[in-house]
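Protein chains in written order, with our numbering: chain U, 1 to 383; chain H, 1 to 261; chain X, 1 to 290; chain A, 1 to 318.
Bear in mind the hints are in silico, worked out from the structure with no lab data behind them.
Even for Gly, the Cβ is constructed at its ideal location relative to N, Cα and C.
Keep in mind that the hints are not guaranteed to be accurate.
[Claimed, not checked] Within a straight-line C-alpha distance of at most 30 Å, the following computed BS3-like cross-link-like pairs (lysine-lysine) qualify:
1. K302(U) <-> K115(X)
2. K29(U) <-> K115(X)
3. K237(X) <-> K108(A)
4. K115(X) <-> K306(U)
5. K159(U) <-> K216(U)
6. K108(A) <-> K80(X)
7. K115(X) <-> K380(U)
8. K237(X) <-> K80(X)
9. K158(U) <-> K216(U)
10. K115(X) <-> K52(U)
11. K27(H) <-> K169(H)
12. K68(U) <-> K306(U)
[Said to hold, decoys possible] Facing chain U, from chain X, some residues (calculated, C-beta under 10 Å):
13. E3
14. R106
15. P121
16. T135
17. Y256
For reference, the chains in residue letters:
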Amino acid sequence: MKFSLTTTALAGTLALVLGFAAPALADIKIGATLSETGPASFLGDPEAKTLKMLVEEINAAGGVNGEKIDLIVYDDGGDPNKARTFATRLVEDDEVVAVIGGTTTGTSMAIIPVFEDAEIPFISLAGAIEIIDPVRPFTFKTPHTDRMACAKIFEDMKKAGISKIGLISGSDGFGASMRKQCLEIIGEYGIEVLADETYGPTDADMTPQLTNIKGKDGVQAVLNPGFGQGPAIVTRNYAQLTVGLPLYQSHGVASDGFIELAGAEAAEGVRLPGTALLVAGLLPESDPQRAVVVAYKDAYEKATGKPVSTFGGYAHDALRILVDAITRAGSTEPSAIRDAIEGTSGLVGTTGTVTMTAEDHLGLDLSAFRMLQIEKGGWKIVE
Amino acid sequence: MSLLQIEGLGIDFGGVRAVNDVGFSLKPGEIVSVIGPNGAGKTTLFNMISGVYAPARGRVALDGEDVTRMPPHQLARRGLSRTFQNLQIFQSMSVLENAVAGHHLHERGSVFADLFSLPAARRRSRASEESARALLDRVGLGRAAEQEAGSLSYGALKRLEIARALALKPRVLLLDEPAAGCNAVETEEIDHLIAKVAAEGVSILLVEHDMKMVMRISNHIVVLDHGEKIAEGEPASIARDPRVIEAYLGAQAAEAQNADG
Amino acid sequence: MPELLQFLLSGITVGAVYALVALGFTIIYNASDVVNFAQGEFVMLGGMITFFAHAAGLPLPLAALIAIIATAGIGVALNKLAIEPARGAPVVSLIIITIGASIFIRGATQLVFDKQIHRFPAFSGDQPILIGGATILPQSLWVIAGALAIFFCLWLFFTRTLIGRAVLATANNRIAAQLVGINTNYVMTLSFAMSAAIGALAGVLVTPITLTSYDVGLALALKGFAAAMLGGMGNPKGALVGGLLLGILEAMTAGYISSQYKDAAAFVVILAVLFAMPQGLFGRKSTDRV
Amino acid sequence: MRLSSKATTLLILAAVIAIAPVFFPSSYYFRVGSLIFVNGLAVTGLVILIGYAGQISLGHAGFAGIGAYACALAPVHLGLHPALAAVLGAALSAAIAFLVGRPILRLKGYYLAVASLGFGILVSMVLSNEAQLTGGPDGMAVPELGLRAVLKAIGIDLSNTEFWYAFSGLVLVIGAWLALNLYHSPTGRALRALHGSEVAARTVGVDVAHYKLVAFVLSAVYASVSGSLLALQNKFITPDVAGFMHSIEMVTMAVLGGAGSMLGAILGAAILTTLPQVLTVFQEYEQLMLGLVMMLVMIFMREGLLPSIARRIRGRAE
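Chain U on its own, in the form it takes in the complex (with noise of 0.2 Å):
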């Protein structure tokens, strides 16, 4: 008796597991994992939402080569473990031909050896330069390393005469993460770090890590890396401290919504590296992405009415230069789109102007951020 019932019971685990829903064959399969829940759900959510509304985009459009694109996303909650069953499903079993997505350092760096033994072309939405250095061949990635971003806020500093700063990071994956590759190449721009804090990413209160900065002797400016709400609540607190120096955030808070919640009081003055994409409207007509980034905000603000933010635009990123080498290659072979994606040149995307190469795998140099300043509840271009 017990024994058949154990295995029947173990028998019907099995057929849940042999029960996953096979999708429908389709002419282009792209994968993508993404943290669509969990930690980084600020960031997997907007990219999720970018990439099907573009696909639906696309397909409306007449699809690639005059294939339609059928796209599988997975939701991996952030968990590097996670991520790593999801891309095996998204290689072996769905066989995408190409795949988008990581939306953190964390889970990028655990799928792509999966990528590379399968030799499928894979597009990380992470900050790290872990991701494209040393290069592999089939890993790229969109957004700017943190490291870029490190080097545009060091070089503003510079040109203001900051030489010795405070830092208070999010101890989160991307604070953590942005805050080693500041430290790594801070020494080039003769800055200093005279406080170096951190807060829990769900902190209610940063005051005590603020009042330290603040009562340090000779420091002039504060960079505070991190997304979510923390930088929002730093702003705050840096407000009511009345600290009185410049304050720098990261492009992990560059979208519309920081300044919604920092309040246009505490957050006026704040510079940030941002990406075209948060100013679009300012951009002047001869900027050569201005068309792309508006095209982009207007669509998807209009499909999920909800402002759009930087992270959204890296998803759009890799889509459109997925699309763009699946359609110079001519061929949905995954090494044909590999080659091709390398063979990117000149294409204009929200984070600037990407042009791949053998040796580099993100294509995008300093000059694709611009420093942004918020001015009464606005950004602001300074440069």
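Add chains H, X and A to chain U, keeping to what the hints say.
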């Protein structure tokens, strides 16, 4: 020479003296009963002697060694075992396993051997299982060995607890109302069992409400009321003691009043 | 010296947030011996519903009232649908049920509302109040006052009202409580409604400071749980003191030792307290009955 | 007896592991299978702690983290072979469990829950904060175990996912065998006795503090080995492995399937591991459904899935 010596034992709960200044002694093979109305502190006394509660005052000596406030498992190693008024059966185990578990001190060994089921571990298990079956036979539960313990009747569980306590091969055995919930036949069986165990040289301390049984098998009786010892002596003298009668009648009168109200 | 004062004010602000969550735990725990890990979701719901009602054009006080009533309703539903049917289940099952409820509520919130972070305006503006060289936001005073007020009400409830004593009696001995004529089901429903309402009120008070989104509940629940255990589960005084202590501890660690390990310091102290006082600072001592 | 006999359990487990691949349409299923086994191993450890000894821990992911990071760090810094690193991790977990367990296990119920939870959070905090060593929240790479190459040299050529399916399946069977041995041994009886009635266990001579510690240390070693397997299989590890959610996941697997039954607990691991894969069909509703499943099972099948179903079927048969 007494095996178990209790002197001036007492404990307070929330400022109330639950048991105070109780003392008596037990010789090898002797059966001593503790009686008294409900709430007299009998079970509390048991809990202090067996190390479940730490007494606030007084001293417990086992075979001349001071064992006051010693944890129960160390008392067990010194040969003191007990049963419980509110059953403390290992519910998820079979009847046999409950009895085997009583052999813990004899069968325990290295965890490593147990994990890998080494011959030494299997030998230990087998030995305690054989002994457990014999004990179950002795308390009349031999046939129920494979049943789930939870499925037994109250009286049977009482006997199972006795078997488990005997597995320790104790020198002192504390029995807390062993015959509660048993019918006349079962009570008599337990009666015999206790006498036989005592005859083997085990000292028995008994709490029991069945006065007939107490009078029949006790060598010595200690009477508690409101946490204090009010009398002690041979069964015949206790039965005639006016303080004892008053304690019981007083309690019964109070109970009767409660029932009316 | 102004640093110390600033750390203290920060600690009290955060501590009051923890205390508000911890106070929510006490009622349900007192009535049913259940630690409700979905308590943090009540706080989240309080903030989220208020935000969306406010965004839809309702005045803030009305939006907050709606949020509190709606959350109390959800609390009652949680009791009727999940806790009552599971009466008598072991601690570990109850932990899983309430964590399941927490995941469920989170999933539903993200569907009904969104995954964005939100904030609504502070009740009395954002102009910091200066105290001896340190500053505190008016909203922090609201939070502190809220924690004290709820503590005081709970204290009155448990010591001065018949129904409050009925809750305690139910916790001590359910059957005995039934025998003396207490409707224990009603007591349970009431305590879930109250806990949820307190949680939602906490959410309304803290959102201008901490911000809110669908997934803030778990972190709040963990901290509130830790605070309640530090003070001694079930005791409103324990919840208040535990919460404030935890907040101040974190702020002092962040200020004087290392902001990286401020959460660690909090948990180390909790562990140390529990080792020395297994029932928390103000918990009742229990004796095994055998 | 709640557990079916040792041999039957092991036989069923081994048979399912061996036969299931016949039905696998792609090697992705091997990946899911190997994850089930890795989780199953941690859950087997929790069966010892929760099912046998009746203790609770909301911090066991901490030990998984120690095991995982041992495999990442020891080869780089100590030059150890990854397999030895896993052993080192297990030893370290055992040592830490021994030190932490003694004071923690004096606590009961929710107090034990919060103390163990605190411990787990401390471990994940260290892993996440000591970025120079551990790479911080972004995680770090883990070296190749190398066993696959050895197998290939002797003529057994397995793909990566196939190898990990077989290897973690084997480790799970061994783990289950040990735990089942323990169940029927004097130590196992002492653990189950203190679960049934702590005071009665003490009066038959069980040193309750000692045996709780034994269960805690053993389950820590299981969790540690499970973490090592995960790290070696993924060749990459982040502090998530030690996080609170992972602890909860492990306990839920054990209790959902039935912590009193080895097969039940492993079934719980199988269900909770595959559930997110199945629920991708429901996209947005995934969390909702997960929460619902957790609640429904615990409300209506209090002993866990397998024991409850078994009881119901037995009830009908009689």
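Do the hints match the structure? See the list:
no.: 1; hint: K302(U) <-> K115(X); in the structure: 17 Å, holds
no.: 2; hint: K29(U) <-> K115(X); in the structure: 28 Å, holds
no.: 3; hint: K237(X) <-> K108(A); in the structure: 22 Å, holds
no.: 4; hint: K115(X) <-> K306(U); in the structure: 10 Å, holds
no.: 5; hint: K159(U) <-> K216(U); in the structure: 22 Å, holds
no.: 6; hint: K108(A) <-> K80(X); in the structure: 27 Å, holds
no.: 7; hint: K115(X) <-> K380(U); in the structure: 27 Å, holds
no.: 8; hint: K237(X) <-> K80(X); in the structure: 28 Å, holds
no.: 9; hint: K158(U) <-> K216(U); in the structure: 20 Å, holds
no.: 10; hint: K115(X) <-> K52(U); in the structure: 17 Å, holds
no.: 11; hint: K27(H) <-> K169(H); in the structure: 17 Å, holds
no.: 12; hint: K68(U) <-> K306(U); in the structure: 27 Å, holds
no.: 13; hint: E3; in the structure: 5 Å, holds
no.: 14; hint: R106; in the structure: 9 Å, holds
no.: 15; hint: P121; in the structure: 8 Å, holds
no.: 16; hint: T135; in the structure: 5 Å, holds
no.: 17; hint: Y256; in the structure: 9 Å, holds
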